[in-house]
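**Student:** Chain by chain, the residues run as shown.
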Amino acid sequence: MMVGATLELSRDVPVVGVKTTSGRGFTPEELAELCSDKIVFVADTAPQEIRDQARAFKVQVQKVVQLYLQQAVRSDRTTVYNALTEAGHPQLAELIRRL
Amino acid sequence: MAFTGNYMATSFKQQILEAVHDFRLTGGDTFKLALYTNSASFTAATTAYTTSDEVSASGSYSAGGGTLTRIDPTTSGTTAFTDFADLTFTSATITARGALIYNSTPTHTYTNPAVVVLDFGSDKTSTAGDFTIVFPVADASNALIRIA
Numbered sequence: 001m002m003v004g005a006t007l008e009l010s011r012d013v014p015v016v017g018v019k020t021t022s023g024r025g026f027t028p029e030e031l032a033e034l035c036s037d038k039i040v041f042v043a044d045t046a047p048q049e050i051r052d053q054a055r056a057f058k059v060q061v062q063k064v065v066q067l068y069l070q071q072a073v074r075s076d077r078t079t080v081y082n083a084l085t086e087a088g089h090p091q092l093a094e095l096i097r098r099l
Numbered sequence: 001m002a003f004t005g006n007y008m009a010t011s012f013k014q015q016i017l018e019a020v021h022d023f024r025l026t027g028g029d030t031f032k033l034a035l036y037t038n039s040a041s042f043t044a045a046t047t048a049y050t051t052s053d054e055v056s057a058s059g060s061y062s063a064g065g066g067t068l069t070r071i072d073p074t075t076s077g078t079t080a081f082t083d084f085a086d087l088t089f090t091s092a093t094i095t096a097r098g099a100l101i102y103n104s105t106p107t108h109t110y111t112n113p114a115v116v117v118l119d120f121g122s123d124k125t126s127t128a129g130d131f132t133i134v135f136p137v138a139d140a141s142n143a144l145i146r147i148a
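Residue numbers (our numbering), protein chains in the order written: chain E, 1 to 99; chain C, 1 to 148.
Check each hint, because a few of them may be wrong.
Stated by the list, open to error - Reference excerpt, derived from the structure (chain C facing chain E, CB under 10 Å, subset only):
# : residue
1 : THR4
2 : SER11
3 : PHE12
4 : LYS13
5 : ALA80
6 : THR88
7 : THR93
8 : ALA148
Said to hold, decoys possible - Straight-line Cα separation of at most 20 Å, PhoX-like style, residue types lysine-lysine; simulated pairs:
#  : chain 1 : residue 1 : chain 2 : residue 2
9  : E       : LYS38     : E       : LYS19
10 : E       : LYS63     : E       : LYS38
11 : C       : LYS32     : C       : LYS13
12 : E       : LYS19     : C       : LYS32
13 : E       : LYS38     : E       : LYS58
14 : E       : LYS19     : C       : LYS13
In short, the hints are calculated from the structure, not lab data. The beta carbon of each residue, even a glycine, is placed where N, CA and C say it ideally should be.
Bound-form chain E, shown alone (with noise of 0.2 Å):
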């Protein structure tokens, strides 16, 4: 009897992604769509209803996600608006707030 045991790659089909910006960090919106990526993933080969559900509770997830994304990133602007004001540089500051 034969025990197999396999260790591929596609070869052809690119098995990572890559996603870039220019001028700019990813926004939250870009960010809670590659999140929801990773936490709901549902095969195409998958029943209808099961993929019907399994999209719109990804639309769900990407949506919770998104808010405290923008969330996280006003809190550290407050943060960072409160170091740079402790370290004499108001302006600076406020630049960060107004971003």
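Since chain E is already given, all that's left is putting chain C on it; use the hints.
**Tutor:** Positioned in the frame of chain E, the structure of chain C alone reads:
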């Protein structure tokens, strides 16, 4: 030369049988991802990290690439698998066609042994921005490294 597809390094397969690589989240080895231009010529015969044709340092990218966050190896059915978290280089101006994942702290005497060659399919460019490598979902059907 140019990238010609994705490859699991043949030397990596041998090294698995020699217990060279430890992918565990806690106490495992340090795996890194280095980016390359399309002048690089990697195949399954690639055995180790090289600086040849590596992209230039920019933003948070420096020679040798970035350290990957491991996902603990696990199983589903009869398939064992492991993967990595997405990796982002920030404030970077980079054009890369592919990447090499290698082990920078292996057991035994190997130096920076290769794990996987990744072909992005086309040049990817960030300009004073973020460059993110998105790894596949960590499951038995999609994870980067699967033994079935």
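**Student:** Of the numbered hints stated earlier in the document, which are not met by this structure?
**Tutor:** 2 and 14
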